[in-house]
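Chain order of the listed sequences is Y and G. By our numbering, the letter at position 36 of the first sequence is numbered 36, and the numbering carries on one by one without gaps. By our numbering, the letter at position 112 of the second sequence is numbered 112, and the numbering carries on one by one without gaps.
One should not assume that every hint holds.
Take a look, some chain G residues computed to stay more than 10 Å from chain Y by CB distance [stated by the list, open to error]: (1) 1; (2) 15; (3) 33; (4) 72; (5) 85; (6) 88; (7) 102; (8) 105.
Covered stretches of chain G, as calculated for chain Y (at least 3 residues, CB under 8 Å) [to be verified]: (9) 36 to 47; (10) 51 to 61.
Keep in mind the hints are simulated off the structure, nothing from the lab. Positions of the beta carbon are idealized from the N, C-alpha and C atoms, including for glycine.
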Amino acid sequence: AQKVTQAQTEISVVEKEDVTLDCVYETRDTTYYLFWYKQPPSGELVFLIRRNSFDEQNEISGRYSWNFQKSTSSFNFTITASQVVDSAVYFCALSAINNNDMRFGAGTRLTVKP
Amino acid sequence: NAGVTQTPKFQVLKTGQSMTLQCAQDMNHEYMSWYRQDPGMGLRLIHYSVGAGITDQGEVPNGYNVSRSTTEDFPLRLLSAAPSQTSVYFCASSFLAAPYEQYFGPGTRLTVT
Chain Y
1 AQKVTQAQTE ISVVEKEDVT LDCVYETRDT TYYLFWYKQP PSGELVFLIR RNSFDEQNEI
61 SGRYSWNFQK STSSFNFTIT ASQVVDSAVY FCALSAINNN DMRFGAGTRL TVKP
Chain G
1 NAGVTQTPKF QVLKTGQSMT LQCAQDMNHE YMSWYRQDPG MGLRLIHYSV GAGITDQGEV
61 PNGYNVSRST TEDFPLRLLS AAPSQTSVYF CASSFLAAPY EQYFGPGTRL TVT
């Protein structure tokens, strides 16, 4: 069975600090996809990134970066120079290529204080 | 484009009542899904559909029914509401089935007393 673990329930940082959100996954599939979604206080879910299991290159998008390591089954998300607008709940998710059952982690609530 | 729309935004039901949560998308997406979000548990898949006329169960289907008569609409029916179904419900759609990015609706907050 597929499983996603986000061990950090809540993180609080001060603006401009860097912060890393951890995501560890379990799957027996050799081909799978990992996702990060953001849920700001308004409640909607916003897609951030998708990564397939064959692409271990790190990705950077502005202040956001993602580190995918198959050896440790982790797909961590780093926000550099955090801002108050980054305050949200962040979800990591896992999906196999041949099923329709996306599994989400429990989420990490990030609070960025001014 | 309106994207994914859900109605109502809020609903209070009494135990045993039935109701339908509406979901519609205008992006011509084949894949649609329903999730429930509970504190500390992330999102869990209730039902999904890979196209009109095709539906299947997700991780937590008990107590819910779905149908997909058109590409645009994917209603979720609660047959006999129970307090355990108090949750926030999200509808989502994507171009095709996983692993494509899903677009989420704004959610419906349901309370069952």
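Against the structure, the hints:
At roughly 15 Å from the closest C-beta of chain Y, the C-beta of residue 1(G) stays outside 10 Å, upholding its exclusion from the interface. A cut-off of 10 Å between C-beta atoms confirms that residue 15(G) is not in contact with chain Y; the least separation is 26 Å. Residue placement check: residue 33(G) does not keep its beta carbon more than 10 Å from all beta carbons of chain Y (closest about 8 Å). No beta-carbon of chain Y is positioned within 10 Å of the beta-carbon of residue 72(G); the least distance is around 19 Å.
Every Cβ of chain Y is farther than 10 Å from the Cβ of residue 85(G); the closest lies at roughly 19 Å, confirming the non-interface assignment. Residue placement check: residue 88(G) does not keep its beta carbon more than 10 Å from all beta carbons of chain Y (closest about 8 Å). Non-interface status of residue 102(G) relative to chain Y is broken: a Cβ of that chain comes within 10 Å, the nearest being about 7 Å off. Separation of residue 105(G) from chain Y is inadequate, the least Cβ-Cβ distance of about 8 Å not exceeding the 10 Å criterion.
Only residues whose beta carbon comes within less than 8 Å of a beta carbon in chain Y count, and the region 36 to 47 of chain G has 6; three or more means the coverage holds. Here the region 51 to 61 of chain G counts 3 residues with a CB under 8 Å from a CB of chain Y, which clears the bar of 3, and the coverage holds.
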